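Residue numbers for the sequence shown follow the working numbering, so the first one is 1 and each next one is one higher.
Treat the hints with care, as some may be off.
Quick list of in silico lysine-lysine cross-link-like pairs, BS3-like style, CA-CA up to 30 Å [stated by the list, open to error]:
1) 197 x 187
2) 254 x 265
3) 565 x 555
4) 642 x 278
5) 411 x 244
6) 172 x 312
7) 87 x 229
8) 175 x 187
9) 172 x 146
FYI, nobody ran anything at the bench for these hints, they're computed from the structure. Source: prediction; values computed, not measured.
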Amino acid sequence: MSLESRRSFIKKAGATGLTFWLGLSYVKGESTAVISTAKSLTPFIKIDANGITIFNPNPEMGQGSYQAVASMIAEELEVTLDQITIKNTSGEKEFGGGQWAGGSSTVREGYLTYRKIGASAKEMLVKAASQTWGVSPESCTAKEGKVLHTATNRFLKYEELAEAASLLEIPKEPKLKDPKDFKMLGKSVKRPDIPLKVTGKAEFGIDADVPGMLYSSVERCPVIGGTLKTFDATAALKVPGVVKVVSAERVIGKYSSTGVAVIAKTYWAAIQGRKALKIDWDTKGFETFNSSDYENKLRALSKEEGILDKQKGSVDIPVNQVVESFYETPMVAHHPLEPMNCTVHVKGKKVEIWTSTQVPVSVTGPGMMGSMPAVLDINPEDITLHAGFIGGGFGRRLYFDYIVEAINVAKQVDSPVKVVWSREDTTTQGPFRPMTFSKMIGGLSEKNQLVSFQHKVISPGFMDSAMPNWDKTKLDSMMTEGISAQEYDIPNMKNSFVFADYHVPMAAWRSVTSSTLAFAHECFIDELAHKAKKDPLDFRIDLQSTNTDTKRVLKKLREITNWDKPLPAGKARGVAQWDFFAGLSAQAVEVSLAKNGAVSVDKVYVVIDLGTVVNPDNVKAQVEGAVLMALSAAIHPAITLKNGVVEQKNFDTTPVTRMSEAPEVIVEIITEGTKIKGVGEPGLPPFAPALGNAIFALTKKRLRKLPLEIDFV
């Protein structure tokens with residue numbers, strides 16, 4: 001966005017009275033001030049007679065963006081969170097392309113931008129007050145929503161200054177506060193969304209209640225890749241409350257399929273009508289697909305050369321000892337607590353939507369994850385979105401297939417329709433985190449130095465799943481995420497990717513492919529350390545030739561774990577770290593052996609490097625959640641297909657971590673890193689390898705497959 005001239009801004013300001021907007025572009029005759037923003041992030045401030053509103057463009061899904069964005073702006077604006085109203089945006093065009101949540105990007109990418117928005121507004125309000133009083137801006141101060149002139153004991157509220165401030169030029173480089181003067185940033189601040197959630201006032205997508213609303217449940221082909229052939233709705237239409245039965249297409253990436261939607265006056269009636277359907281599916285030959293066969297295919301493909309990710313030196317150099325291993329990680333489901341849902345009212349060409357989504361900007365136009373209007377050939381101007389709080393995203397709600405399907409249902413009736421996925425639908429219908437297999441080769445010198453390293457990834461591809469015309473001869477860098485980014489100083493390295501065709505829709509899962517590749521990479525580093533007869537933590541630190549962020553994190557981990565102090569008999573610990581696009585953390589997992597031979601996961605130490613911190617309490621909560629999610633994927637059954645059908649249906653067959661399984665999690669935050677890093681995802685990748693390494697230290701069994709095939713307490 002470009003800055004508007006003072007003259008053009010004043011010309012546009014006439015009809016707005018006492019409203020002052022900052023961070024918006026001018027549309028539809030409204031008065032708006034515009035500030036240049038980095039990477040299309042467009043945080044907003046609105047000040048009028050009703051008070052101060054801060055708009056959050058990063059959807060709140062439990063990660064704390066609702067509080068974080070407001071705090072970064074409010075800190076510089078000199079207001080408290082109690083003095084403002086926070087509103088989530090809903091993909092409105094004027095709010096720009098930054099309306100999405102994913103990749104641990106809210107603070108990582110927006111920290112300076114959000115602060116500049118608040119600082120610019122404060123400078124304009126101070127200048128407006130100084131002009132009103134005929135004094136210098138330097139003699140005025142801003143505090144708690146007011147501008148004060150202490151020399152004359154005068155003050156004006158921001159609301160009283162809104163009109164005058166709206167006529168001023170926006171500072172290009174506003175002065176930011178010295179961090180030592182922060183009142184909120186870096187402090188433990190209460191999250192204003194928590195009272196809304198615990199009292200039931202927060203509105204999630206599934207809470208939508210539109211007058212005249214009908215309900216729908218969709219029967220989809222149980223064989224992944226299949227679609228509708230014919231259906232008989234005779235019995236379903238006899239169920240009391242059932243209004244209509246229609247077919248509806250769902251589109252996700254390059255895949256599309258058609259299901260049968262039962263529309264009824266109640267959700268119960270829709271479910272009963274769905275059970276009464278008679279359907280003939282076209283399974284397209286996928287009814288013979290089994291995960292075990294596909295796994296064998298991946299193992300066979302490991303012999304192929306693959307597409308080069310990165311090469312350094314030559315891995316063909318003579319070495320004293322060659323170490324080879326093969327690691328396997330499975331598909332997993334996202335398991336959001338709020339199942340997929342979408343309420344839609346189609347009125348002619350107009351489409352109104354109520355839902356929970358991580359990408360509101362993609363729902364209303366071109367955005368981070370594509371364009372839903374383009375998929376359905378709808379004019380973006382005809383779409384109105386009401387984006388609610390999100391009851392768990394984890395990457396699943398980066399995709400809008402469930403919204404496309406709901407629109408295709410709703411356009412066949414005259415009333416609004418709420419389409420609700422059951423827990424079984426949400427578990428079995430995908431998309432899923434892809435399975436990844438890893439062939440690892442390392443070479444040690446006569447002095448037991450790691451001199452060569454190879455990581456070959458064998459898996460389906462994210463880009464192939466998302467794009468119909470993806471060139472399969474090209475590297476899919478999402479599938480090699482992080483393997484060439486570790487700060488280990490290894491003189492000879494070769495990392496590559498072997499693509500495997502797949503018909504199952506793939507999707508980013510929390511920490512994307514780092515959630516699988518870190519397991520192989522860091523367990524193998526541990527194997528090499530033991531072959532070299534070195535302490536695994538020392539081995540990693542010694543691979544850092546300079547004072548890297550990773551070295552700093554590992555040294556802090558040594559300190560907080562008392563690493564050099566031996567544990568009692570029957571206890572052991574393992575270590576791992578991971579550095580990728582979202583951030584960096586290192587973990588040590590302590591385990592013990594029960595009398596029955598089962599393993600207990602007792603304690604997890606996490607050091608996370610952020611560069612800066614907005615709310616340490618929120619960081620700890622996010623890291624704890626990441627550890628528990630990683631634990632679920634490490635020890636519980638994953639997603640497998642038999643005869644083309646997902647075998648796991650609900651939490652009973654693919655569980656999440658129970659309270660009784662949860663270990664103590666100790667989180668250490670450091671902010672000395674060289675750049676600002678993310679929070680939501682970096683706490684996840686190191687856990688599984690640290691656990692695997694701890695189990696090896698405890699039992700001398702090297703487990704190279706997830707979920708770990710060992711009994712847990």
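Comparing the hints with the structure gives:
1. A C-alpha spacing of about 22 Å is found between residue 197 and residue 187, which places the hinted pair at or below 30 Å, so the restraint holds.
2. The suggested pairing of residue 254 with residue 265 is violated, with an alpha-carbon distance near 33 Å, which exceeds 30 Å.
3. Taking the CA atoms of residue 565 and residue 555, the gap is about 15 Å. The hint holds against a cut of 30 Å.
4. Pair hint residue 642 plus residue 278 holds up; C-alpha atoms about 22 Å apart against a cutoff of 30 Å.
5. For the hint linking residue 411 to residue 244, the alpha-carbon distance of about 12 Å falls within 30 Å, and the restraint holds.
6. Only pairs whose Cα atoms come within 30 Å are accepted, and residue 172 paired with residue 312 is rejected, the gap being roughly 43 Å.
7. Proposed proximity of residue 87 and residue 229 is contradicted: the alpha carbons are some 45 Å apart, above 30 Å.
8. Restraint check: the Cα-Cα separation between residue 175 and residue 187 comes to about 21 Å, which is no more than 30 Å; the hinted pair holds.
9. As the CA atoms of residue 172 and residue 146 are separated by approximately 23 Å, the hinted pair is consistent with the 30 Å bound.
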